[in-house]
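*Asks:* Just so we're on the same page, our numbering is the position in the sequence shown counted from 1, plus 128.
Be aware that one or more of the hints could be misleading.
Said to hold, decoys possible - For each label pair, taking beta carbons as the anchor points, the in silico distance ranges come out as:
| id | residue 1 | residue 2 | range |
| --- | --- | --- | --- |
| 1 | K131 | Y173 | 29 to 35 Å |
| 2 | P190 | T167 | 18 to 24 Å |
| 3 | V143 | P190 | 29 to 35 Å |
| 4 | P159 | R183 | 29 to 35 Å |
| 5 | Q184 | I157 | 25 to 31 Å |
| 6 | V143 | E191 | 14 to 20 Å |
| 7 | W176 | K131 | 28 to 34 Å |
| 8 | G145 | D187 | 28 to 34 Å |
| 9 | I175 | A149 | 17 to 23 Å |
| 10 | S179 | G141 | 17 to 23 Å |
| 11 | D187 | A149 | 17 to 23 Å |
These are computed hints drawn from the structure, not numbers from a lab. All C-beta atoms, glycine included, are put in the ideal place defined by N, C-alpha and C.
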Amino acid sequence: MMKHALVFQTDFGLVDGAVCAMYGVANSIDPTLKIYDLTHDIPQYNIWEASYRLRQTIDYWPEGTVFVSVVDPGVDQRAEV
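Work out the full structure: start from the sequences and follow the hints.
*Replies:* What follows is the structure, given as structure tokens:
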């Protein structure tokens, strides 16, 4: 039986624990997942770049692969109270 594949892409970079936290959440839900990284270097807030990267690779993955793309304008910003 093939393991389920999960592919992450973000604009988080790899300088903190945000990507690792995503891995932890996914593995706590299904420890049999096979997790891959497309990229974590999408320029901040650039949904067009993120869309292009997904389109560039999606056809090469098996049917049933889940893609999680997070381009988040709220990352590393403090909420004003």
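*Asks:* If a hint holds in the structure, say so; if it doesn't, say that too.
*Replies:* Hint check:
no., hint, verdict
1, K131 with Y173: 29 to 35 Å, "holds (33 Å)"
2, P190 with T167: 18 to 24 Å, "holds (20 Å)"
3, V143 with P190: 29 to 35 Å, "holds (31 Å)"
4, P159 with R183: 29 to 35 Å, "holds (30 Å)"
5, Q184 with I157: 25 to 31 Å, "holds (27 Å)"
6, V143 with E191: 14 to 20 Å, "violated (34 Å)"
7, W176 with K131: 28 to 34 Å, "holds (32 Å)"
8, G145 with D187: 28 to 34 Å, "holds (32 Å)"
9, I175 with A149: 17 to 23 Å, "holds (22 Å)"
10, S179 with G141: 17 to 23 Å, "holds (19 Å)"
11, D187 with A149: 17 to 23 Å, "violated (29 Å)"
Comparing the model with each earlier hint shows violations of hints 6, 11; every other hint is respected.
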